Amino acid sequence: MNCTDFLAKLSDFFDGTIDPALLDEVKAHLCSCHHCEVVVDTTRHTIDFYRADQQFDLPEPVADKLRSAIMDRCRTLGKPEKQIRFNPGTAPRESLEKH
Amino acid sequence: MVELAKAGDTGAFETLVRKYERQIFRTAQHITQNREDAEDITQDVFFKAFQKLDQFQGNSKFSTWLVRIAVNESLMRLRKRKTSKTVSMDQDVETDEGSIPRDFAEWRPNPEQNFSQSEMGEILRKTIAGLPPGFRTVFTLRDIENLSTEETAEALGLSVPAVKSRLLRARLQLRERLSRYFRKTNEAPK
Ligand SMILES: [Zn+2]
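If you're matching them up, the sequences are chains P and H in order.
Residue numbering for the first sequence follows this note's numbering, beginning at 292 and increasing consecutively.
Residue numbering for the second sequence follows this note's numbering, beginning at 3 and increasing consecutively.
The shape of chain P in the complex, shown without the other chains (with noise of 0.2 Å):
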């Protein structure tokens, strides 16, 4: 195995899906590959702290704020059949287009 076959596998190494047969020789390249290792520990701590990262999370007092907004929008609208609405499927649309 060389690095592009190691590559190749690096996510079902990382996912823990990688076939059982090569397992073996996954590791024994890792272990005698310096470069290799070096994108294996890498990478894990780039997942890891895009994991950790919690910028992206949503603060308490806007998720409130959202989630009345939407349940309002709900309630007001409601679902779409009972909303009036045009059904192109209908008798009368074809007749409207015809004219």
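Just so you know, these hints were derived from the structure itself, not from any lab.
Predicted model, so just to flag it, every value in this text is computed and none were measured.
Worth double-checking, as some hints may not be accurate.
Now the in silico label distances, taken between C-beta atoms and shown as ranges [claimed, not checked]: (1) H/Lys54 x P/Asp339: 34 to 40 Å; (2) H/Phe58 x P/Ala319: 43 to 49 Å; (3) H/Arg104 x P/Thr367: 54 to 60 Å; (4) P/Asp339 x H/Gly132: 18 to 24 Å; (5) P/Ser323 x H/Arg83: 26 to 32 Å; (6) P/Ser359 x H/Pro163: 41 to 47 Å; (7) H/Asp11 x P/Thr295: 53 to 59 Å; (8) P/Arg342 x H/Arg182: 19 to 25 Å; (9) P/Asp363 x H/Gly60: 40 to 46 Å; (10) P/Ala319 x H/Gly10: 58 to 64 Å; (11) P/Gln345 x H/Gln57: 30 to 36 Å.
Just so you know, even glycine gets a beta-carbon here, dropped at the ideal spot from N, CA and C.
Take the given structure of chain P and dock chain H with the ligand to it, following the hints.
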């Protein structure tokens, strides 16, 4: 809960909103890279979901169904913003930039010790914003939101191999870009 909401119980629907609002907001924000857009999208997603509840068949998880709506809304928002450019899941997939590791510098064990929390946040945000939307989205769903490969494929309308290849490239590109900041030598980022 989904069944109750389908039957018209708005209280049940509100419980669902409460359960998934964070995930939908994060997903939208990661894709659009814009907080206000993410707030609008979160509202639109749940309102659309409420209107289309009857179409939810229960073949997939309710959360995957919501994420799918969120991804579509977010990509639509990106398209509107960049009126001249088309934005799709396929955009920029041809590029191999960063997919072949070039930086083999080891990182400090805890690079976050060398950066303030806000600097760390800024680096992470800038780095993921630099990825093509298609890669960013796959990385977000798989690695941040913990969707399975199959769920991600379903939410994005992609094949499983396409998700796998985008995920690998997204991970490697992010790693490569972060290496510029976190490498052990005190070299300034390029
Ligand atoms: Zn190697």
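Hint by hint, here is what the structure shows:
{"no.": "1", "hint": "H/Lys54 x P/Asp339: 34 to 40 Å", "in the structure": "36 Å, holds"}
{"no.": "2", "hint": "H/Phe58 x P/Ala319: 43 to 49 Å", "in the structure": "47 Å, holds"}
{"no.": "3", "hint": "H/Arg104 x P/Thr367: 54 to 60 Å", "in the structure": "55 Å, holds"}
{"no.": "4", "hint": "P/Asp339 x H/Gly132: 18 to 24 Å", "in the structure": "19 Å, holds"}
{"no.": "5", "hint": "P/Ser323 x H/Arg83: 26 to 32 Å", "in the structure": "48 Å, violated"}
{"no.": "6", "hint": "P/Ser359 x H/Pro163: 41 to 47 Å", "in the structure": "43 Å, holds"}
{"no.": "7", "hint": "H/Asp11 x P/Thr295: 53 to 59 Å", "in the structure": "55 Å, holds"}
{"no.": "8", "hint": "P/Arg342 x H/Arg182: 19 to 25 Å", "in the structure": "21 Å, holds"}
{"no.": "9", "hint": "P/Asp363 x H/Gly60: 40 to 46 Å", "in the structure": "27 Å, violated"}
{"no.": "10", "hint": "P/Ala319 x H/Gly10: 58 to 64 Å", "in the structure": "60 Å, holds"}
{"no.": "11", "hint": "P/Gln345 x H/Gln57: 30 to 36 Å", "in the structure": "34 Å, holds"}
Violation of the numbered hints given earlier is confined to hints 5 and 9; the remaining hints are satisfied by the structure.
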